[in-house]
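**Q** Residue-level listing of the chains:
There are 2 protein chains.
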Amino acid sequence: MDRETFRLFGHKCIDWIADYWEEIEKYPVRSQVKPGDVKKKLPSTPPDAGESMESIFQDFQDIILPGITHWQHPGWFAYFPSNASPPSVLAEVLTAGLGAQCMVWQTSPAATELEEVVMDWLRGMIGLPEEWAGVIQDTASTATLCALLTAREKATSYNSNQRGLIKPLAVYASEEAHSSVEKGVKIAGYGREALRYIPTDETFALIPEELERALEHDTRAGVRPACVIATSGTTSSTACDPLEPIGRICNSYGVWLHVDAAFAGTAALLPEKRHLLQGAEYADSFVFNPHKWMLTNFDCSAYFVKDPSLLTRTFEIHPEYLKTGLDAQVKNFRDWGIQLGRRFRALKLWFVIRSYGLEGIRNMVREHLRLAGIFQKLIRSDSRFEILAPVNLTVICFRMKQEGMTEEALERFNADLLEQVNSSGKAFLTHTKLRGRYCMRLAIGQANTTEDNIRTVWDLIQKACTHM
Amino acid sequence: MDRETFRLFGHKCIDWIADYWEEIEKYPVRSQVKPGDVKKKLPSTPPDAGESMESIFQDFQDIILPGITHWQHPGWFAYFPSNASPPSVLAEVLTAGLGAQCMVWQTSPAATELEEVVMDWLRGMIGLPEEWAGVIQDTASTATLCALLTAREKATSYNSNQRGLIKPLAVYASEEAHSSVEKGVKIAGYGREALRYIPTDETFALIPEELERALEHDTRAGVRPACVIATSGTTSSTACDPLEPIGRICNSYGVWLHVDAAFAGTAALLPEKRHLLQGAEYADSFVFNPHKWMLTNFDCSAYFVKDPSLLTRTFEIHPEYLKTGLDAQVKNFRDWGIQLGRRFRALKLWFVIRSYGLEGIRNMVREHLRLAGIFQKLIRSDSRFEILAPVNLTVICFRMKQEGMTEEALERFNADLLEQVNSSGKAFLTHTKLRGRYCMRLAIGQANTTEDNIRTVWDLIQKACTHM
Chain A
1 MDRETFRLFG HKCIDWIADY WEEIEKYPVR SQVKPGDVKK KLPSTPPDAG
51 ESMESIFQDF QDIILPGITH WQHPGWFAYF PSNASPPSVL AEVLTAGLGA
101 QCMVWQTSPA ATELEEVVMD WLRGMIGLPE EWAGVIQDTA STATLCALLT
151 AREKATSYNS NQRGLIKPLA VYASEEAHSS VEKGVKIAGY GREALRYIPT
201 DETFALIPEE LERALEHDTR AGVRPACVIA TSGTTSSTAC DPLEPIGRIC
251 NSYGVWLHVD AAFAGTAALL PEKRHLLQGA EYADSFVFNP HKWMLTNFDC
301 SAYFVKDPSL LTRTFEIHPE YLKTGLDAQV KNFRDWGIQL GRRFRALKLW
351 FVIRSYGLEG IRNMVREHLR LAGIFQKLIR SDSRFEILAP VNLTVICFRM
401 KQEGMTEEAL ERFNADLLEQ VNSSGKAFLT HTKLRGRYCM RLAIGQANTT
451 EDNIRTVWDL IQKACTHM
Chain B
1 MDRETFRLFG HKCIDWIADY WEEIEKYPVR SQVKPGDVKK KLPSTPPDAG
51 ESMESIFQDF QDIILPGITH WQHPGWFAYF PSNASPPSVL AEVLTAGLGA
101 QCMVWQTSPA ATELEEVVMD WLRGMIGLPE EWAGVIQDTA STATLCALLT
151 AREKATSYNS NQRGLIKPLA VYASEEAHSS VEKGVKIAGY GREALRYIPT
201 DETFALIPEE LERALEHDTR AGVRPACVIA TSGTTSSTAC DPLEPIGRIC
251 NSYGVWLHVD AAFAGTAALL PEKRHLLQGA EYADSFVFNP HKWMLTNFDC
301 SAYFVKDPSL LTRTFEIHPE YLKTGLDAQV KNFRDWGIQL GRRFRALKLW
351 FVIRSYGLEG IRNMVREHLR LAGIFQKLIR SDSRFEILAP VNLTVICFRM
401 KQEGMTEEAL ERFNADLLEQ VNSSGKAFLT HTKLRGRYCM RLAIGQANTT
451 EDNIRTVWDL IQKACTHM
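Going down the list, the sequences are from chains A and B. Its first residue numbered 1, the first sequence is counted upward by one per residue in this note's numbering. Its first residue numbered 1, the second sequence is counted upward by one per residue in this note's numbering.
These are computed hints drawn from the structure, not numbers from a lab. Some clues are possibly wrong.
Identical copies look the same in the list; a pair holds intra-copy or inter-copy alike.
[To be verified] Think about it this way: if two alpha-carbon atoms lie no more than 25 Å apart in a straight line, the pair counts; the simulated DSS-like pairs of lysine-lysine are:
1) Lys167 x Lys154
2) Lys323 x Lys401
3) Lys41 x Lys331
4) Lys39 x Lys331
5) Lys463 x Lys273
Construct the complete structure from the given sequences, taking the supplied hints into account.
**A** What follows is the structure, given as C-alpha cells:
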C-alpha cells in the first residue's frame, strides 16, 4: 500500500470512527447475529493476490460490523464497561504507527520512562503509598497471576521457581472473588485445592474473622499461607472487602496481600470514595484497570507493588541476546511480568490523563454515580422489584419478584425479562447469581451514558414486564 | 474532546505517521537519549484541568519521539524485526475505535468468528494439518506458557490443576531455546530443575539422540516427561531443531511436543522453505508470530493446537457472570489462554493477508532472504570476519577475528565495534553468544529494508574496523 492510499484510508477510518461514535445508538448494543452468521460470509482460503483497501474496508462494514457488540454504546450496562475515549484512540493510532516493541529500556527509552511517570501519577491519583512502584499489565487476570507468583516465591524463599511448587501452600479469597483467582491459582501450580473461599457477610464482603480462622487452621496444620486476595468491587455486585482488618491480619501472618480493584479503583480518584481503598497500604500488590472505567482503550491494567525487587526476582532471566550495557541503570519492564514483548501502552494513559485532567475524569465518575442513584430510585419506586446487594458504586443487582415462585422459576422469569431487554438493541445488561439467587445486573460506566439511557432501560424493563 | 477535534487530530496523527514512515531514515534507529533524559522532561504530577490536544501532540513530538527506538526503520537489524504495515495500522485504528473487548463470542461474535477464519487461513498458509485449530495470543511467551500448562495437565491427568503441581515432571528444550521456556517452566510451577537443556550439534540444532537419552533416563528414574519444546529458528542464530525425529521420539514416549517457530514460521509461507517445519505434524502445539515477520503490528502471536479440547480443559472456568445461552454452540476464546480480556486482534491479520495476498507476503520474505545472501557474501569477501552459525533464514551471526586475542578480548573488541555501528544511528544490530563466543547478530526483516541498507551497514562495519 502506498503512502497516499494509507493517508486516504487513514482519514477514512478516522472519519468512520467519528461517525460511528456519533451514530452509535442506531446500532443494537449486543450484536444480533446468530452463531456462524459471520463465518459463512468469509472465504475459507486467503487470496493469492492482494486486494484493494476499498473492498476490505467495505467488507469490514458489511460483514464485520453487524457482528460487533458495541461496547462504546451509551446503552452498555453489561459486565463491566470498557470505556474508551477520543484521546485514548489518538494515542493508539500513534502507538500503531510507531510499531515499537517495548520489552526493555533500550527498545524505546521513552516507553519505559513514560510508563514510570504515568504509573507514579496514577498511584498518587488513587492514594497509594509513595514508595510503591507501578507497571502496566494487559489485564487484571495477568496482574493477579503476577501477584500469585510473587507470593508463591516469597512464601517458599524462591525455591518454587527453582525446585518446582513446594507444597503445602494455600491461597485465600472471598467466595465472590473473580474467576481469574481460581485460574491463576491453577496456572501458578498451587492447584484448586489450595484455594480457600472465605465466606462473605450480608454485603457480600469477605468476613475478616473467617479469614483469620482459615489462616490459623492452615498454619496449625502445617500449610503455609502464601497469598490473600481481597477484592475492592467484586464482579457480581462491587462488594468491597474491608481492607484494613484484612491487611492487619495478613501482616500479622506474614502473608502476601493482593488487592483486586479492577473496576472500583477508578472510584478512588474521588476523595469521597477514597475510603473504599482504606487499608490498601497494608497490601503488597494492587491492581486496577484504567481500561474499565477510566477512558483508556482496552487493554491497560495498572499493577502496583510495594517492593518491586520481589517482582523482578520472581521473573527475571538474563539471556545474552537481551543484555544491554545499561541494565544496571534502567528499568527493564520485561522482568515485571509474564510476557517478554510489550506494547507501548503508557502513551494512551498519558493522553487520557492530560486531555481530561483529574477533574475531567472525576466529573465522569461522579456523573455515573449520580445515574446509578437514579436507577436505584426507579427500582425502589416499583414494589415488584428488589435490589439484591448494596450499591457501592454503579453496579445494581436486581430482579422482579413473583410471589410463590421457586428460585428456579424466578431465574427463568428474570432471564426471559433480561433477554427481552437485550433483544431490543437499546441496552445490554448481563446477569449474575448472589447466594444462588439469579439477578439482572446493570453496570454504569460508559463514557457517554446519560440520564436518558437510564430511563430508556428502565422503560424497556417495565414494558417487558407487562408482556410477561 | 469533541468530535471535530478528534477528526482534526485523527487526520493529523494519520498524516504524521505517513510522514514519519516517509522520513524515518532521518531518525537514529536506536534512540540516543540517556537514562533519565525523557523522565526529567515530564512533570511529576498529573494536571488538574484538561490540556489541549495541541500541547499533548507537541509534547509527543518533542519529548517522546527522541526516546523512541525506531523499529520500523529500514536499518533495523536488532533482535527480531517487528514489521508493521499500513493495512495493519488501519486495522488497529478501527479496532481502537470500536473499543470492543472480545473475551467471549457474545461480546463480539465477529471477532471470534473472524479469528477462527484467519487462523484457519494461517494454518493452511504454513502447511499445518487441517484438523488443527488456532487462537491468537499476545506473544510467543504466552503461547509457550499455554503449551507448558496443557502439557502439565495432560501428563498429570488434570490433577495438577486440582491438587497442585504433581512431581516429578520434566521439560526438555535445546540449550539454544528462548528464555521464555525457562520463564514458563517457573511460572507453571515445574521449577527450573525440571528443565533439561539438551545439547545441540554444530548447527546449534537439538540432537534427537540426546533428547531420547534424557527421556529414557528420566523415565527410568520415575520422572514423568511432560513437554518437549523444539525450536524452529532459535533466537540467537535461527537454528532449526529437526522436528521429524524429535516428533517421532515424543510420540513414542507420549510426551507433549510444542514447536516454537516465533520468527521462522513466516518462512514456511514459501514452498521452498516449508521443509523447516517438516515433522511439525507430530507436534501437539505450535506458535509463530505474525507480529515479527508478517507485517502485522505487535502484538499478534498465532498459536495452533492439535486438540483444542485439551487446551480448554486446562483453562476453562465458568463463573455465572460470564455464562451465555450460547456457550455450547460457540467458541469462547477466553478459555483458550491465560487472560480473560481479549483485544480484537484478528482484524489486523485479515487486513494484512487480504491487502498483500499470499504472493505479496511471499515476495517480501524472498526479498529478505536475498538480502541475507548479499550480506553473507560481503562478510565472506573479507577474511578478517567469520560467520559463526549457518544462515538458515535472515539472521547472520558474525564477528571480526583478531589473531591471538582471548575470547574476552574478542568480545570487548566486537562489542565496541557494534557500539560504533549502533551509535551511527543508521543501523541497529544486537549481539548474542554461541557456545560462549560473542558475536554480532544481524537480523533482516524490516518491511522496507533494501539492498542499500544492507550495504550501508556493511560500510559502517568496515569504517568502524579501520578506526579500531
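**Q** Against this structure, judge whether each hint is valid.
**A** Hint-by-hint comparison with the structure:
no. : hint            : result
1   : Lys167 x Lys154 : both (13 Å within a copy, 20 Å between copies)
2   : Lys323 x Lys401 : between (63 Å within a copy, 22 Å between copies)
3   : Lys41 x Lys331  : between (47 Å within a copy, 17 Å between copies)
4   : Lys39 x Lys331  : between (44 Å within a copy, 12 Å between copies)
5   : Lys463 x Lys273 : neither (35 Å within a copy, 63 Å between copies)
Of the numbered hints given earlier, the model fails hint 5 alone.
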